[in-house]
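Protein chains in written order, with the numbering used here: chain A, 27 to 170; chain B, 27 to 170; chain C, 27 to 170; chain D, 27 to 170.
Hint data in this document are derived by calculation from the structure and do not stem from the laboratory. A few of these clues could be false.
Any copy will do: because identical chains look the same in the list, a pair fits if it lies in one copy or spans two.
Here are the simulated EDC-like pairs of lysine to aspartate or glutamate, each with C-alpha atoms no more than 16 Å apart in a straight line [what the hints assert, rightly or not]: (1) Lys-103 / Glu-75; (2) Lys-103 / Asp-68; (3) Lys-103 / Glu-35; (4) Lys-103 / Asp-67; (5) Lys-103 / Asp-156.
All figures in this text were calculated on a predicted structure; none of them were measured in a lab.
4 protein chains.
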Amino acid sequence: MTALTFERERVIRFSDCDPAGIVFYPQYFVMFNGLVEDWFDDGLQIGYERLVAQRRIGLPTVRLEADFRGVSRFGDKVKLALAVERVGERSLSLQLQCLGADKGDLRMQMRQVLVTTSLASHQAIAIPSDLREALHGAPQAATP
Amino acid sequence: MTALTFERERVIRFSDCDPAGIVFYPQYFVMFNGLVEDWFDDGLQIGYERLVAQRRIGLPTVRLEADFRGVSRFGDKVKLALAVERVGERSLSLQLQCLGADKGDLRMQMRQVLVTTSLASHQAIAIPSDLREALHGAPQAATP
Amino acid sequence: MTALTFERERVIRFSDCDPAGIVFYPQYFVMFNGLVEDWFDDGLQIGYERLVAQRRIGLPTVRLEADFRGVSRFGDKVKLALAVERVGERSLSLQLQCLGADKGDLRMQMRQVLVTTSLASHQAIAIPSDLREALHGAPQAATP
Amino acid sequence: MTALTFERERVIRFSDCDPAGIVFYPQYFVMFNGLVEDWFDDGLQIGYERLVAQRRIGLPTVRLEADFRGVSRFGDKVKLALAVERVGERSLSLQLQCLGADKGDLRMQMRQVLVTTSLASHQAIAIPSDLREALHGAPQAATP
Chain A
27 MTALTFERER VIRFSDCDPA GIVFYPQYFV MFNGLVEDWF DDGLQIGYER LVAQRRIGLP
87 TVRLEADFRG VSRFGDKVKL ALAVERVGER SLSLQLQCLG ADKGDLRMQM RQVLVTTSLA
147 SHQAIAIPSD LREALHGAPQ AATP
Chain B
27 MTALTFERER VIRFSDCDPA GIVFYPQYFV MFNGLVEDWF DDGLQIGYER LVAQRRIGLP
87 TVRLEADFRG VSRFGDKVKL ALAVERVGER SLSLQLQCLG ADKGDLRMQM RQVLVTTSLA
147 SHQAIAIPSD LREALHGAPQ AATP
Chain C
27 MTALTFERER VIRFSDCDPA GIVFYPQYFV MFNGLVEDWF DDGLQIGYER LVAQRRIGLP
87 TVRLEADFRG VSRFGDKVKL ALAVERVGER SLSLQLQCLG ADKGDLRMQM RQVLVTTSLA
147 SHQAIAIPSD LREALHGAPQ AATP
Chain D
27 MTALTFERER VIRFSDCDPA GIVFYPQYFV MFNGLVEDWF DDGLQIGYER LVAQRRIGLP
87 TVRLEADFRG VSRFGDKVKL ALAVERVGER SLSLQLQCLG ADKGDLRMQM RQVLVTTSLA
147 SHQAIAIPSD LREALHGAPQ AATP
């Protein structure tokens, strides 16, 4: 992933882990959901809560490809990173990574395609213009 | 997916849903995790809990490809289905689907690659022979 | 608890457990939430989803007292049981228990006070008459 | 609660909320679990992960009394606060609160009794001496 990313650090919680003592894998998606919220708030300056709760625009996931490369254990400090891969008419493709915060070793990475929808109809709608504009200035993923 | 599948029905719970009133997508993976447990117990007759807690063999996910095609709402009855796509030396590839229980409309489908690991080392190990044997009798996914 | 209870059995899932291999305690409340949904649907015949999503009546918890008496482990079969303790003007007090399904040993019990609210204002409202009627026929907890 | 508390701020996430748009109540316990981890790490300087994963000492909850006073919505900034109420031979009683970060309005408060256990036997053990010492210097709840 390019250096132009939006990043946040996070500690792996007891509640993130399973009886094997490592992150229960669906929990990575919960963590990344939080990262996208922070990105909308602090990176894109769009306001995720305002988008969803007030403007009634949803961002459901339509496609996901994830590779799990290393385990994250309870107490680990991890870095969550995000870059934009592609902006379409009504969809948005992201690259996301979870890395060890100290050594930068890759734990998990994924490509996620999100669609902008009306929360009234759950149908896809065009990306709102303020979001589109903000995405132009966002960190772009390197061409693979 | 072929008719030769392992299936379970389930109701979408309040706790599965997000402020948009639909299944919070990581929750699909939690549901499928339960389906795989049931499959090991009732389909393969291997005993998931015995495998993990007593034999100390893990089944972490190493690769996931998921497509979300339709929303599932609070109160919906869904059918979760699973078939084996491929059995490797140390890995196992599954096809999984979530369908509306009444109309059979596809809500979400995924391919999931699991690896058998030692829970002591978190390193991959060969699929145990009893599991390998049981997998031969399991429902196989149609060749795509 | 009296014999007049609404009951459901459930298997403790991998996803219910923490790195200590036992139920992560907040997960008991998620399980009981599912029990209350089943009770509204199958016991009271009120329709939990219809109540919340269509009639826009919420049932938030205002008070909880819980005692944890024994651990539940991954793979355990447990029985979840519920009885009505008291029906007020705008609130409802329940007794809930989680027991081992085989030996009936108590794992956890709680008293939960729920309030009927308008989901528009999040303010308490009188218990709807159909719910009040259904509650009269529901299993009552023995006087302590 | 006294001013002598351990505190952390947190944003209410989309994933914390239910179809009513407010915090799904079991999620408060997940949040408080994270607060206790932070308190052990940063306040008591004991190291929660080391305690649980390496020293194999558990801290299960045996008693809980919770009052829910106001709703927390998606996007809200909340303050989580904690004080010690009582230190016993093998148990520890805490007072915990969730408040609006801006106005300090009480959303939820609870008393939680934790027991120190051996994770080998799940039996109660005496509070380790380093933890006992650290607790003496910790913020104490005012006598009710």
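Do the hints match the structure? See the list:
1. With identical chains, the CA atoms of Lys-103 and Glu-75 are at most 16 Å apart between copies only, with a shortest distance of 12 Å across copies and 27 Å within one.
2. In this assembly of identical chains, Lys-103 and Asp-68 lie within 16 Å of each other by CA distance solely across copies; the values are 14 Å between and 21 Å within a copy.
3. For a Cα distance limit of 16 Å, the shortest separation of Lys-103 from Glu-35 inside one copy, 7 Å, qualifies, whereas the shortest one across copies, 19 Å, does not.
4. Taking identical chains as interchangeable, the C-alpha atoms of Lys-103 and Asp-67 lie at most 16 Å apart only when they sit on different chains, with a minimum of 13 Å there against 23 Å within one chain.
5. Proximity of Lys-103 to Asp-156 under the C-alpha cut-off of 16 Å is found in neither arrangement, the shortest distances being 34 Å within a copy and 25 Å between copies.
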